[in-house]
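With the sequences and hints as input, model every part of the structure.
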Amino acid sequence: MSNNWDKYFHNICIEVASKSSCLSRHIGAILVKENNIVSTGYNSPPRDVPHCGHDRFMKDVELRSVVEQILSSIDLVRFGEECPRKILGYASGIHMELCPAQHAEINAIIDAARKGVSTIGTTLYMNCIIPCKSCFGALINSGIVEIVVDDIKVYDKATQFLISESEISIRKFEI
1 MSNNWDKYFH NICIEVASKS SCLSRHIGAI LVKENNIVST GYNSPPRDVP HCGHDRFMKD
61 VELRSVVEQI LSSIDLVRFG EECPRKILGY ASGIHMELCP AQHAEINAII DAARKGVSTI
121 GTTLYMNCII PCKSCFGALI NSGIVEIVVD DIKVYDKATQ FLISESEISI RKFEI
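Residue numbers for the sequence shown follow this note's numbering, beginning at 1 and rising by one.
Just so you know, these hints were derived from the structure itself, not from any lab. There are no misleading hints in this set.
Quick list of in silico lysine to any residue cross-link-like pairs, SDA-like style, CA-CA up to 20 Å:
#1 Lys172 / Asp6
#2 Lys19 / Pro50
#3 Lys7 / Phe173
Computed from a prediction, not measured in an experiment: that's the story for all the values here.
As structure tokens, then:
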């Protein structure tokens with residue numbers, strides 16, 4: 001793949017990511033076959049589901065109770081402006097039950113499925129690091145053959161195991 005295509009697809013990932021309502025990170029993903037985009041996805045809650053802001057915590061009595069106990073001195077309005085997991089001091093990937101979002105790569109696979117488009121033999125471009133274990137498993141099962149990311153960084157040993165057992169090639173954007 002030439003640098004021109006990498007730069008082009010990276011720019012599109014960033015544009016797709018701009019649609020995310022996530023209060024933590026904006027990630028864009030595109031599935032490409034023969035230099036044609038077959039689907040896109042960004043990290044966000046499922047269709048018609050609110051993001052993790054203040055209103056969600058106010059409606060969910062159990063979540064509100066937990067948050068109020070942990071943050072009795074912090075105004076809950078802050079939860080509409082910042083990622084609740086970050087406010088609570090959790091590392092990336094921890095306490096995902098507080099997050100209704102789906103990852104960008106899963107949303108790209110779902111977008112392809114909704115359109116009736118095969119993902120077999122596609123390349124996934126993303127403006128982030130290597131996908132997490134759950135997403136990586138979905139990428140393997142979806143027939144994706146290559147992943148192109150901003151940085152070759154692996155979340156954990158479980159993800160590394162899937163990488164080493166799969167035939168998916170991984171590389172960093174050449175831009």
